[in-house]
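Start from the sequences and build out the full structure, keeping to the hints where you can.
The listed protein sequences correspond, in order, to chains G and C. Each residue of the first sequence is one higher than the last, beginning at 1 in the numbering used here. Each residue of the second sequence is one higher than the last, beginning at 1 in the numbering used here.
A couple of the hints might just be wrong.
Restricting the straight-line Cα-Cα distance to at most 25 Å, the calculated cross-link-like pairs of lysine to aspartate or glutamate (DMTMM-like) are [unchecked claim]:
| no. | chain 1 | residue 1 | chain 2 | residue 2 |
| --- | --- | --- | --- | --- |
| 1 | G | K162 | G | D300 |
| 2 | G | K29 | G | E354 |
| 3 | G | K162 | C | E439 |
| 4 | G | K29 | G | D448 |
| 5 | G | K162 | C | E361 |
| 6 | G | K29 | G | E104 |
Computed far set for chain C versus chain G, every beta-carbon distance over 12 Å [said to hold, decoys possible]:
| no. | residue |
| --- | --- |
| 7 | L46 |
| 8 | I144 |
| 9 | L178 |
Treat the hints as calculated values from the structure; they're not laboratory data. Note that CB positions come from ideal geometry on N, CA and C, so glycine has one too.
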Amino acid sequence: MWLTAVTFVPALGALAVVLLPRDREGLVKGTALGTALLAFLVSVPLYAGFDASTAAYQFVERRAWMPGLGVSYHLGVDGISLPLVLLTTFLMPLTLLSAWHGIEHRWKEFAVTMLLLETGMVGVFVALDLFLFYIFWEAMLIPMYLVIGIWGGAARVYAAVKFVLYTLAGSLLMLVAILVLYFQHGAATTVYTFDLPALVQFVLPGGRTQTLLFLAFALAFAIKVPMFPFHTWLPDAHVEAPTAGSVILAAVLLKMGTYGFLRFCLPLFPEASLAFAPLVFGLALVGILYGAWVSTVQPDIKKLVAYSSVSHLGFVMLGLFTFTPQGLVGGIIQMVNHGLSTGALFLIVGMLYERRHTRLIAEYGGLWRVAPALCALFLVVSLSSLGLPGLNGFVGEFLILLGAFQVNRLVAVLATAGIIFAAVYLLWMYQRVCFGEVTREENRRVADLTPREWVVLTPVLVFIVWIGVYPTTFTGLSEASVEALIGQVHTKAAATAALVAR
Amino acid sequence: MTPAPLTFPEVDLRVIAPALALTVTGLVLMLADLLPPRHRKDHLGLLGLAGVVVALLLSLTMWGTDVQGFRSMVALDGYALFFNLVIGYATGLVLLSSLDYVGRQGAESGEFYVLVLFAAVGMVLMAQATDLIIVFLGLEIMSISLYVLAGFFRTRLESGEAAMKYFLLGAFASGFLLYGIALIFGVTGSTNLARVGAAVAGGAAGDPMLLIGLGLLLVGFGFKISSVPFHMWASDVYQGAPTAVTALIATGSKAAAFAALGRVLLEAVRVADLDWTGLLWVLSVLSMTLGNVVALAQQNLKRMLAYSSIAHGGYVLVGLVAGGPLGNASVLFYLLAYSFTTAGAFGALVLLERSGREAVELGDLGGLAARHPLLALALSILLLSLIGIPPTAGFVGKLYLFGSAVQAGHIWLAVIGVLNSAIAAYYYLRLIVFMYMREAADGPPTVAVPSVAGSLALVVSVWGVVQLGVLPAPLLSLAQAAVSPLLR
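So this is what it looks like as structure tokens:
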């Protein structure tokens, strides 16, 4: 029952908020925050009770839903999904708290959409039935669409529609691929089921079918990640979304793409995954470098952070497709790291925006003199994002590069350049915002962190340092699952090859 | 010489019980229309609604029967009963939402409800027909009622235009259909679907006359389901007709035409020599694509829904192309889901007014969510179902349709279908954009008319859409049970 509780507590909270009177804004905010906190508390036992020594799914729940079609309500977590579930439930209360004043109208609707969004996101990570997964995957589009479209910036409608159409086009093709897989499995085994563990056992014939199915799944996930060249929706969506939307978008929604690769593409289509690894490598590398270069020249802080996501997620994709334990564990921990660091960067950008109502770097300068605490935290978060040893970003990037180096040295070397460029764009931006003299009169009145903002940022910083200093707490969760996944990919690919040889 | 004993054909009224219930109610309504009160007629609507409920209950209690009557011209089987449900719900929702709509629009009269009921009689007959003559009879009863209904706001130019267009093109369609029936009769010597099927299997399949006949039949049905390239009437008629009538044309009449088309395909031309899938494939792709692309450019909501309904007809054709148990069952399920959704969406439009006229332009929706959050929410859920976002009926329906296509090996058809859904998302979402993300346009605001019946209709459709989306299994197995006897 734990996973059902974690998934649906936010939805119940949303229902409660709906019933509250609109004019009691404090009550609405309190209920929403309370629900998100409750969801986090409910998710903590998942970590406590998780057995990291096994790759099996844990906290499994399974009930028949549409038995005639082989659809079941099947939930479970393993070392791959657990960190992401915890990341989601951890960030949601902070995000809601950050929106306390940032969201100026229709807070009630905002609370409802955010809580429904949380249910959708957790559902995506815990669903072990393709049908159920797809429902969460699609259903969570609409709350995000509303968050961008209603509470976003000037070009919000354009960004929101672009976000939905891009994602929808990709995921609909995935739907067809799911159906093809379902019927192929059914025809071969006479068992018609959407159950992921059952489908993973099924050895698809190699060749064209597997390639096309892989591509259909990969397109859906690549758009979500987003991998170069499917990233063009991201800067629009990130920049136009309100702070809370940007945080969730960067921290959790993008991870759905990389998680999808891990959970579905790799085990379901191992042969195609191995075959396409060089292409993914290439695109990831382009993403890393291109994202970094484009970030460097952005005049808008938020856009800079948005493009840096393209670069960081390129690292994650690089790690996943090394098919080495280090690469995969690094990829998973980097997903969490990016969620924390970029999430925190967006939070800080939001705080700056609330103070000055601009996000242009040129409008700032010398902030350290007026808001030292804010700038200090900003510095830590920036350093974590650029991968300073001792902070979380370094751990993930190091493991990924370690994995990549075993597979392709040139790629590893070029990717390392991406870290250098990250230092360039982040530190240059930081320097222009925080150092020097206060050049503009308006900036003299910029206030330092309020207690509420301290509460929002401190938990994130704790984990940034924790992962940086003692990553084993978190990497240990994933190791067994990752080893099992890699083994599975290779045995299944071998089985496919044997099938072809016969 | 003793005269031959006079034998009456056996008449089993049970077979036509649902249609009979609707007919009797219609006749009672005509009588009651003569009685006072003279200026208020919504009690007639309630009476008609009671008749529809009776017909629905009859259909439900008779579930599981499989009888034919009137010399095998009419059948009451699972297939017909399922369509009775679809038609019953659609008619009921339309009656509910028109209860005070007709009066509000200054056209209060008892005939409106009578005609709606008679149109429903025709639809039910089409679903039950196992003889081409009954198909034609049902089609005419339905169509003539709808022609009049389309022009019911007789003081409005566009309403008259809609009626005229619908009538002229509909008359053509009837002509095609009748000519097709005549040719089929000429070749096979029968209009009974089972006997036509036997004759086709017995070697008549190669006869060009039969092919032409079946082709003409398809043209006739193509008009009624507004499939491209027989869709020309749809946009103007949908726009001009009273909104409640448009809802009926978009749901009930389309479902009935699909019912008859499906039965003809299943019973008469289900043989290897006559492969219609290629033709239906083309019609399906054309309808989906053209419907969705043209809908992108519409500013009038009724016109947009007209093109969207053309596209949805194309989706349903996907199921007919796929065929088999899953394909045909998904056609039934989708039509139910679609009818709930579309009747609800039009029901929401019925409630909207702006400075005394109907609010049917896209701009009229501006800022609606701020003023009428519940109505906007309901319409949004219905629109999400039309896009096919889970957990709504539209998603499950599309999943079954495209699933059946994949199963039958028509993977490209499924791919074209889902890409079309992505195109469609754009124009449906635009409505949500206007309701939630734009401010109201200048001028008087759009208001929702406080109407208990209209709100009830909306609640019922939203409930149906969500119910079918979350727990579709019972109705899907019902649909499968309904088609399986026909696939023997």
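Hint check results:
1. G:K162 to G:D300: The hint holds at about 20 Å.
2. G:K29 to G:E354: 19 Å, holds
3. G:K162 to C:E439: 20 Å, holds
4. G:K29 to G:D448: Given pair K29 of chain G, D448 of chain G holds - Cα atoms ~24 Å apart, limit 25 Å.
5. G:K162 to C:E361: Holds, at about 23 Å.
6. G:K29 to G:E104: 12 Å, holds
7. L46: The claim stands: L46 of chain C keeps its Cβ more than 12 Å from every Cβ of chain G (closest is about 32 Å).
8. I144: 41 Å, holds
9. L178: 40 Å, holds
Of the numbered hints stated above, none is contradicted by the structure.
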